[in-house]
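Enquirer: Start from the sequences, fold in the hints, and give me the full structure.
What follows is each chain in one-letter form.
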Amino acid sequence: MSERQIQIEVLRYNPETDIEPTIQAYTVSCLNEWVVLDALNYIKDNLDATLSYRWSCHMAVCGSCGMMINGEPKLACKAFIHEYSDRIRVEPLVHFPIKRDLITDIEDFIAKFASVKPYLIPKEKRPISDGEYQQKPEDLLKFKQYTLCINCMLCYSACPKYGLVPEFIGPAAISIAHRYNQDSRDGGRHHRQEIIASSEGVWECSFVGACSEVCPKHVDPAGALQQVKLASTIDWYREHLMPWVKK
Amino acid sequence: MSKSNKPIVWGLFAAGGMATALVTPVLTFLTLLTALHFTPSLFTYECLHTMASYWIGKLIIFVFVTLSLWHSAHRMRITAHDFGIRSDLLIAIILYCVAAIGTILTGFSLLSIH
Ligand code: FES
Numbered sequence: 001m002s003e004r005q006i007q008i009e010v011l012r013y014n015p016e017t018d019i020e021p022t023i024q025a026y027t028v029s030c031l032n033e034w035v036v037l038d039a040l041n042y043i044k045d046n047l048d049a050t051l052s053y054r055w056s057c058h059m060a061v062c063g064s065c066g067m068m069i070n071g072e073p074k075l076a077c078k079a080f081i082h083e084y085s086d087r088i089r090v091e092p093l094v095h096f097p098i099k100r101d102l103i104t105d106i107e108d109f110i111a112k113f114a115s116v117k118p119y120l121i122p123k124e125k126r127p128i129s130d131g132e133y134q135q136k137p138e139d140l141l142k143f144k145q146y147t148l149c150i151n152c153m154l155c156y157s158a159c160p161k162y163g164l165v166p167e168f169i170g171p172a173a174i175s176i177a178h179r180y181n182q183d184s185r186d187g188g189r190h191h192r193q194e195i196i197a198s199s200e201g202v203w204e205c206s207f208v209g210a211c212s213e214v215c216p217k218h219v220d221p222a223g224a225l226q227q228v229k230l231a232s233t234i235d236w237y238r239e240h241l242m243p244w245v246k247k
Numbered sequence: 001m002s003k004s005n006k007p008i009v010w011g012l013f014a015a016g017g018m019a020t021a022l023v024t025p026v027l028t029f030l031t032l033l034t035a036l037h038f039t040p041s042l043f044t045y046e047c048l049h050t051m052a053s054y055w056i057g058k059l060i061i062f063v064f065v066t067l068s069l070w071h072s073a074h075r076m077r078i079t080a081h082d083f084g085i086r087s088d089l090l091i092a093i094i095l096y097c098v099a100a101i102g103t104i105l106t107g108f109s110l111l112s113i114h
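Protein sequence lines correspond, in order, to chains A and B. First residue of the first sequence: 1, per the numbering used here; consecutive thereafter. First residue of the second sequence: 1, per the numbering used here; consecutive thereafter.
Derived by calculation from the structure, the hints in this document are not laboratory data. For each residue, glycine too, the CB sits at the ideal point set by N, CA and C. This list has only true hints and no planted wrong ones.
Derived CB-CB ranges, DEER-like: (1) Gly71(A) x Met18(B): 34 to 40 Å; (2) Thr50(B) x Gln135(A): 53 to 59 Å; (3) Cys62(A) x Met18(B): 38 to 44 Å; (4) Asp18(A) x Ser87(B): 35 to 41 Å; (5) Thr44(B) x Lys136(A): 52 to 58 Å; (6) Leu141(A) x Met18(B): 20 to 26 Å; (7) Val208(A) x Val98(B): 20 to 26 Å; (8) Pro160(A) x Ile104(B): 33 to 39 Å; (9) Ser2(A) x Ser2(B): 58 to 64 Å; (10) Glu213(A) x Ser87(B): 26 to 32 Å.
Expert: Here it is, written out as structure tokens:
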């Protein structure tokens with residue numbers, strides 16, 4: 001197994017003692033098959049126990065290890081060392097306030113995510129005795145891709161619009177709203193539209209497309225947002241030009 | 001939160017995007033051919049003039065010209081924002097006014113062709 005000496009430069013910030021974040025470098029001999037998260041774990045276990053960062057699954061499922069790696073939003077558990085040179089810069093996800101070291105404050109995202117009602121709102125109450133909902137494979141296909149989101153927030157860091165306009169509800173939250181809107185069991189679209197068809201909603205997006213580029217699960221949030229724009233535009237013309245047509 | 005009125009301009013932007021993506025490359029190519037003196041007979045002045053004298057011809061030209069205008073206006077508004085120019089309302093008013101004036105002028109000039 002080949003090994004390489006890698007300089008890992010990590011952004012450090014302790015709100016109790018530091019006025020500003022600083023960069024601290026650690027030299028780690030990394031196995032070639034390591035991911036950046038392995039290097040961080042090595043530092044934490046052997047060199048500096050004070051280093052703080054989030055992680056859990058080590059397999060791109062939990063979505064907690066998002067960070068800027070050489071300036072790009074990445075999952076640390078999916079960023080292979082062999083794809084990098086001998087110096088790797090690791091920083092917290094941009095566009096979020098730093099809490100400590102690589103840990104960001106994600107309250108804003110959580111609130112926006114919750115605001116779009118990311119759960120099934122059934123069309124009408126059904127007694128349990130009616131049995132389960134039936135769904136055809138083609139019904140599932142309409143939204144399956146959007147269920148793969150792991151809320152890692154890489155898309156929020158990649159999105160220049162979110163950086164400019166912090167009120168923007170953002171790629172992941174609008175995509176998950178779209179996921180439920182597309183679900184044949186759901187009847188809550190008009191509730192969600194109030195939020196996502198607002199100017200802080202989908203209309204803040206200018207289709208830069210960076211969200212889809214960085215998405216580790218290939219959700220294609222940019223595509224979802226375009227579909228939401230089209231559907232919202234049809235809604236608008238319906239409501240304003242044909243108000244007599246029932247929704 | 002209230003629903004945004006952006007769909008008015010976005011609808012024109014999207015339709016214009018489709019139209020320009022399909023038609024503009026062809027027009028550019030044909031213009032280039034004409035510039036090099038290879039004018040296909042269908043694209044001579046007389047031919048195009050005759051086309052514009054029919055209602056259906058007027059309609060086609062009107063739709064493509066104006067949609068392209070609205071598309072460019074909206075695209076430039078977004079680009080300005082992306083470049084960090086923050087007076088969005090002013091920019092929007094100016095650009096949409098240009099598109100609106102262009103739409104009216106296109107209408108008038110097409111109507112004057114008999
Ligand atoms: S540790 Fe779970 S996604 Fe990276």
